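Could you put together the complete structure from these sequences and hints?
Protein chains: 2
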Amino acid sequence: MKYQTKYEELIRKCAVSADLSGALALMGWDQETNMPKGASERRASQMATLAATIHEYNLKEIYPLVKDLASVWDELESVARLNVLELKRELDKAQKLPTEFVSLMTKTSSETQFAWEKAYKANNYAEFAPYLEKMFVLKKQEADYYGYTTSPYDALLDSYEQGLTSSMVTTVFEQMKPELKQIIEKVQQSEPISTDFLHQKIDKEKQWQFTMKVLEDMGFDFSRGRQDISTHPFTTSFSMEDVRVTTRVDEFDLSNALYSSIHEGGHALYEQGLLTTNYGLPSGQACSLAVHESQSRIWENNIGRSLPFIEYYFIDLQQLFPDNLKGKDPLQVFEAFNVVKPSFIRTSADEVTYHFHILTRFEVEREIMENRLKVKDLSEFWNAKMKEYLNLDVKEDNQGALQDVHWSMGAIGYFPTYSLGSFYAAQFFAKANQSIPDLNNQIKAGQFLHFKKWLNESIHVHGKLYPSEVLCQLVTGEQLNVNYFLSYIKEKLSVVYGWT
Amino acid sequence: MKYQTKYEELIRKCAVSADLSGALALMGWDQETNMPKGASERRASQMATLAATIHEYNLKEIYPLVKDLASVWDELESVARLNVLELKRELDKAQKLPTEFVSLMTKTSSETQFAWEKAYKANNYAEFAPYLEKMFVLKKQEADYYGYTTSPYDALLDSYEQGLTSSMVTTVFEQMKPELKQIIEKVQQSEPISTDFLHQKIDKEKQWQFTMKVLEDMGFDFSRGRQDISTHPFTTSFSMEDVRVTTRVDEFDLSNALYSSIHEGGHALYEQGLLTTNYGLPSGQACSLAVHESQSRIWENNIGRSLPFIEYYFIDLQQLFPDNLKGKDPLQVFEAFNVVKPSFIRTSADEVTYHFHILTRFEVEREIMENRLKVKDLSEFWNAKMKEYLNLDVKEDNQGALQDVHWSMGAIGYFPTYSLGSFYAAQFFAKANQSIPDLNNQIKAGQFLHFKKWLNESIHVHGKLYPSEVLCQLVTGEQLNVNYFLSYIKEKLSVVYGWT
Numbered sequence: 113m114k115y116q117t118k119y120e121e122l123i124r125k126c127a128v129s130a131d132l133s134g135a136l137a138l139m140g141w142d143q144e145t146n147m148p149k150g151a152s153e154r155r156a157s158q159m160a161t162l163a164a165t166i167h168e169y170n171l172k173e174i175y176p177l178v179k180d181l182a183s184v185w186d187e188l189e190s191v192a193r194l195n196v197l198e199l200k201r202e203l204d205k206a207q208k209l210p211t212e213f214v215s216l217m218t219k220t221s222s223e224t225q226f227a228w229e230k231a232y233k234a235n236n237y238a239e240f241a242p243y244l245e246k247m248f249v250l251k252k253q254e255a256d257y258y259g260y261t262t263s264p265y266d267a268l269l270d271s272y273e274q275g276l277t278s279s280m281v282t283t284v285f286e287q288m289k290p291e292l293k294q295i296i297e298k299v300q301q302s303e304p305i306s307t308d309f310l311h312q313k314i315d316k317e318k319q320w321q322f323t324m325k326v327l328e329d330m331g332f333d334f335s336r337g338r339q340d341i342s343t344h345p346f347t348t349s350f351s352m353e354d355v356r357v358t359t360r361v362d363e364f365d366l367s368n369a370l371y372s373s374i375h376e377g378g379h380a381l382y383e384q385g386l387l388t389t390n391y392g393l394p395s396g397q398a399c400s401l402a403v404h405e406s407q408s409r410i411w412e413n414n415i416g417r418s419l420p421f422i423e424y425y426f427i428d429l430q431q432l433f434p435d436n437l438k439g440k441d442p443l444q445v446f447e448a449f450n451v452v453k454p455s456f457i458r459t460s461a462d463e464v465t466y467h468f469h470i471l472t473r474f475e476v477e478r479e480i481m482e483n484r485l486k487v488k489d490l491s492e493f494w495n496a497k498m499k500e501y502l503n504l505d506v507k508e509d510n511q512g513a514l515q516d517v518h519w520s521m522g523a524i525g526y527f528p529t530y531s532l533g534s535f536y537a538a539q540f541f542a543k544a545n546q547s548i549p550d551l552n553n554q555i556k557a558g559q560f561l562h563f564k565k566w567l568n569e570s571i572h573v574h575g576k577l578y579p580s581e582v583l584c585q586l587v588t589g590e591q592l593n594v595n596y597f598l599s600y601i602k603e604k605l606s607v608v609y610g611w612t
Numbered sequence: 113m114k115y116q117t118k119y120e121e122l123i124r125k126c127a128v129s130a131d132l133s134g135a136l137a138l139m140g141w142d143q144e145t146n147m148p149k150g151a152s153e154r155r156a157s158q159m160a161t162l163a164a165t166i167h168e169y170n171l172k173e174i175y176p177l178v179k180d181l182a183s184v185w186d187e188l189e190s191v192a193r194l195n196v197l198e199l200k201r202e203l204d205k206a207q208k209l210p211t212e213f214v215s216l217m218t219k220t221s222s223e224t225q226f227a228w229e230k231a232y233k234a235n236n237y238a239e240f241a242p243y244l245e246k247m248f249v250l251k252k253q254e255a256d257y258y259g260y261t262t263s264p265y266d267a268l269l270d271s272y273e274q275g276l277t278s279s280m281v282t283t284v285f286e287q288m289k290p291e292l293k294q295i296i297e298k299v300q301q302s303e304p305i306s307t308d309f310l311h312q313k314i315d316k317e318k319q320w321q322f323t324m325k326v327l328e329d330m331g332f333d334f335s336r337g338r339q340d341i342s343t344h345p346f347t348t349s350f351s352m353e354d355v356r357v358t359t360r361v362d363e364f365d366l367s368n369a370l371y372s373s374i375h376e377g378g379h380a381l382y383e384q385g386l387l388t389t390n391y392g393l394p395s396g397q398a399c400s401l402a403v404h405e406s407q408s409r410i411w412e413n414n415i416g417r418s419l420p421f422i423e424y425y426f427i428d429l430q431q432l433f434p435d436n437l438k439g440k441d442p443l444q445v446f447e448a449f450n451v452v453k454p455s456f457i458r459t460s461a462d463e464v465t466y467h468f469h470i471l472t473r474f475e476v477e478r479e480i481m482e483n484r485l486k487v488k489d490l491s492e493f494w495n496a497k498m499k500e501y502l503n504l505d506v507k508e509d510n511q512g513a514l515q516d517v518h519w520s521m522g523a524i525g526y527f528p529t530y531s532l533g534s535f536y537a538a539q540f541f542a543k544a545n546q547s548i549p550d551l552n553n554q555i556k557a558g559q560f561l562h563f564k565k566w567l568n569e570s571i572h573v574h575g576k577l578y579p580s581e582v583l584c585q586l587v588t589g590e591q592l593n594v595n596y597f598l599s600y601i602k603e604k605l606s607v608v609y610g611w612t
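Just so you know, the protein sequences line up as chains A and B, in that order. Using the numbering used here, you'd call the opening residue of the first sequence number 113 and step up by one each time. Using the numbering used here, you'd call the opening residue of the second sequence number 113 and step up by one each time.
Hints listed in this document are in silico derivations from the structure and should not be mistaken for laboratory results. As the structure is a computational prediction, the values presented were derived from the model and not from experiment. Certain hints may be false.
Because identical chains cannot be distinguished in the list, a pair is counted as satisfied if it fits within a single copy or across any two copies.
Below, simulated SDA-like cross-link-like pairs (lysine to any residue); rule was C-alpha separation at most 25 Å, straight line [unchecked claim]:
(1) Lys149 x Ser335
(2) Lys298 x Tyr425
(3) Lys149 x Ile341
(4) Lys118 x Lys556
(5) Lys233 x Pro210
(6) Lys149 x Thr389
(7) Lys313 x Asp186
(8) Lys233 x Trp185
(9) Lys252 x Gln430
(10) Lys233 x Ser335
(11) Lys556 x Gly140
(12) Lys149 x Lys325
(13) Lys219 x Arg124
Now the structure itself:
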């Protein structure tokens with residue numbers, strides 16, 4: 113084939129770019145797990161250098177090839193075609209940012225993170241505001257570089273989730289808001305559920321061992337990955353052959369380590385499930401942040417917080433933590449793991465109230481990006497939203513607008529993918545149950561490999577060949593439909609709270 | 113100053129190069145400490161990509177600047193001048209290798225290492241010989257690219273130790289050989305020393321804790337470094353702010369962990385002692401491999417195996433390992449740690465017989481590079497040397513020519529720096545004792561910081577501004593003089609073996 117040689121050169125160069133990205137990701141992993149404190153500043157500049165090197169390599173070496181190939185894309189075979197078009201889309205976007213702007217953003221991001229850490233410790237949003245203000249100014253500039261039709265916010269959303277717009281997110285949340293509010297009200301009228309036994313002292317080493325067992329059961333391949341401890345759990349990958357998760361172990365909260373590991377394990381199975389032959393190409397990368405999040409949440413919530421899952425692990429749990437589970441049955445543990453209760457911190461929020469945390473962040477970002485809110489008034493706006501949605505009075509900035517690191521890093525437009533992840537997860541899970549009618553029994557028997565294979569074959573194998581909407585259509589036969597999530601959560605909570 | 117701006121640009125670009133090298137070094141560290149097995153192959157290619165990227169950056173971005181500045185070097189101030197001239201020397205050399213050759217070497221090195229691992233497991237040199245043969249062919253080609261006056265081997269030696277030649281190493285060893293032979297004979301006529309108590313079972317965790325304490329005492333800065341476990345102990349550095357050592361803990365050999373940690377700790381203090389303001393420049397890099405090795409050995413042997421050192425730690429040792437040290441006194445421990453006894457394995461050889469291991473490797477390399485020995489006959493040649501020098505009959509390839517990984521990686525011309533390191537160490541140590549007349553008492557009191565400061569100020573601070581010979585002259589007032597080593601070792605062994 114005429115363009116075969118050029119396409120092969122593209123494959124080779126994409127592998128080079130992926131090699132460099134692997135090094136960058138390793139530096140990030142190491143920073144959170146092993147790096148001595150004194151190296152923070154230097155590491156930040158080393159990572160900035162590598163990021164700039166990758167950016168330059170992609171634009172100088174890969175982009176021209178991609179443009180050449182894109183001009184004859186209909187002569188390529190189908191996968192090559194999709195790879196070329198997706199690369200073109202990404203690089204068309206990447207080349208819009210001037211190199212000096214990329215460097216400035218990297219530098220500002222480091223500074224803003226330091227400022228956030230300081231303000232977080234001081235529990236004082238006002239200290240952070242001027243730095244965040246600068247970051248938003250840059251993000252608006254970034255949106256201008258990218259260009260947009262309706263809202264500058266759209267340009268940022270699209271960086272995390274191809275094609276996502278402010279109005280699309282608004283529509284989804286408009287659908288969800290009354291439904292979720294209603295669920296919360298119903299919960300508040302129900303008999304409260306005791307979770308005290310989850311919060312007795314639990315040996316850390318035993319918790320760790322248990323998370324390792326669960327990861328193994330899920331099908332996490334330890335010959336191509338590992339688990340470590342870090343302050344904030346995350347998943348990273350340096351190639352399909354080296355995918356790493358971290359977890360945190362809280363001596364007084366069993367669910368923290370367990371669900372952190374399952375969540376990150378879900379992300380990791382996605383990365384391990386990409387085909388190594390597609391290394392460096394879109395076909396060898398995860399589809400989008402929302403779909404990635406769907407993979408972590410489908411394991412964490414749809415599987416991990418299900419009754420059959422608890423039933424299967426109940427014997428292990430009892431053996432490992434006999435004091436905590438004395439006199440309990442699987443149903444009580446299931447209930448405790450699924451309690452819905454408004455709280456201040458997003459990362460420990462339940463499956464229902466969680467989405468109000470995201471909605472709040474989405475509205476903050478939208479209002480600022482569309483110039484209806486000033487950064488200095490962000491905290492007040494936040495607190496009003498928490499009151500409106502969850503009837504909570506935020507009294508500390510740490511419990512409010514300062515709690516997440518993301519904005520300081522410049523991750524604006526990122527949060528909505530978390531909610532979308534839950535909604536995709538529910539929709540995929542419904543489909544999985546259709547495809548594996550026996551799934552519930554398999555879970556109850558601790559057999560997850562059939563389900564993992566279904567994810568591998570239905571979702572992972574496609575990489576980034578399609579945008580998430582198309583992938584969703586391909587997997588489930590319809591576009592994202594939030595009713596799957598609503599049915600799933602209502603059904604589960606009916607059992608938890610005994611609704612009839 | 114006229115060329116100031118250009119020099120500042122050079123500093124900036126050298127920092128970029130160092131950032132990339134830091135990432136490469138991190139990949140190497142991770143490979144030995146954390147990497148899952150399944151990632152070996154991919155990691156090798158990722159590291160090759162990064163190495164090629166650095167090579168290219170140095171030649172494309174740094175070399176032209178360096179050539180410009182070198183043409184007006186007498187207009188620069190003195191440190192800038194030395195930095196520019198040293199960079200020119202290195203890059204003049206680096207640019208002699210065609211990029212395809214560098215890639216071929218990287219690839220061959222990976223393959224040869226795999227072959228070595230296989231042959232090592234099979235305990236069969238013959239399996240390895242054809243691969244090593246290919247490696248030597250490439251190394252001869254590399255020597256041709258570099259060019260040389262007398263021996264192709266010189267071109268390789270110079271890559272590890274600027275200016276070192278085959279005839280210089282031969283001269284040094286000719287001086288040492290009869291002296292060392294005589295010492296070994298004298299030891300063999302002396303009363304044997306018991307070392308059994310070192311080899312009783314010793315709790316691994318306790319050993320680890322002890323090594324951490326000793327590193328701390330030496331002045332290793334844990335806010336800018338860390339210690340981990342690996343199969344083969346090593347030191348690596350990603351910047352002066354992130355210097356890492358590894359050790360290995362043998363349940364039945366106390367000295368293994370202890371002296372591995374001290375040895376690597378010595379290397380690490382050198383890296384931590386380089387000035388951060390010189391990051392990326394020759395002035396911020398270690399002088400040479402031999403001088404680096406002098407820093408590990410001065411701590412391991414001159415300090416760590418001295419009687420005052422053992423006296424200081426004796427109480428700790430007794431508390432940590434009461435069963436092993438029951439009824440022992442510091443002198444007995446000192447004696448046991450300094451026993452001289454011919455043995456097969458280089459890495460566990462004593463301070464005297466060690467140099468015959470190096471001499472053997474040096475002669476192997478020289479004879480092959482100068483076409484007097486065939487790679488297929490290497491093992492026989494080796495065994496004959498072991499018989500001649502140490503009166504040992506090598507019966508297993510693992511205990512002989514297959515024991516070290518270095519050749520498979522292409523590190524040919526590297527081993528002599530190990531012996532030179534010992535000789536420099538003794539010479540530096542003699543000088544340190546002159547400068548700090550109270551040094552022995554300080555060691556006995558566990559006060560190492562004065563000594564560390566002396567190393568920092570006499571050696572580390574200069575980085576790579578001078579070749580090792582010049583540095584040696586600067587520090588000790590004379591060129592490398594092996595008599596310092598001979599006096600040191602004879603004096604110590606006189607105490608150990610009660611020679612009068």
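Hints, verified against the model:
Taking the closest pair of Cα atoms, Lys149 and Ser335 come within 25 Å of each other only across two copies (6 Å); inside a single copy the shortest separation is 30 Å, beyond that limit. Taking identical chains as interchangeable, the C-alpha atoms of Lys298 and Tyr425 are never at most 25 Å apart, the minima being 30 Å within one chain and 68 Å between chains. For a Cα distance limit of 25 Å, the shortest separation of Lys149 from Ile341 qualifies both inside one copy, at 16 Å, and across copies, at 20 Å. For a Cα distance limit of 25 Å, the shortest separation of Lys118 from Lys556 qualifies neither inside one copy, at 51 Å, nor across copies, at 69 Å.
Taking CA atoms no more than 25 Å apart as the test, Lys233 paired with Pro210 passes in neither setting, with 35 Å inside one copy and 53 Å between copies. In this assembly of identical chains, Lys149 and Thr389 lie within 25 Å of each other by CA distance solely across copies; the values are 18 Å between and 38 Å within a copy. When the C-alpha separation of Lys313 and Asp186 is checked against a cutoff of 25 Å, the pair qualifies neither within a copy, at 62 Å, nor between copies, at 70 Å. Taking identical chains as interchangeable, the C-alpha atoms of Lys233 and Trp185 are never at most 25 Å apart, the minima being 53 Å within one chain and 50 Å between chains.
In this assembly of identical chains, Lys252 and Gln430 lie within 25 Å of each other by CA distance neither inside one copy nor across copies; the values are 53 Å within and 66 Å between. In this assembly of identical chains, the alpha carbons of Lys233 and Ser335 lie at most 25 Å apart only when taken from different copies (21 Å versus 39 Å within one copy). Taking the shortest alpha-carbon separations for Lys556 and Gly140, neither the intra-copy value of 37 Å nor the inter-copy value of 43 Å comes in at or below 25 Å. Proximity of Lys149 and Lys325 under a CA criterion of 25 Å is satisfied inter-copy only: 19 Å between copies versus 31 Å inside one chain copy.
Taking the shortest Cα distances, Lys219 and Arg124 sit within 25 Å of each other only across copies (15 Å), while inside one copy they are farther apart (31 Å).
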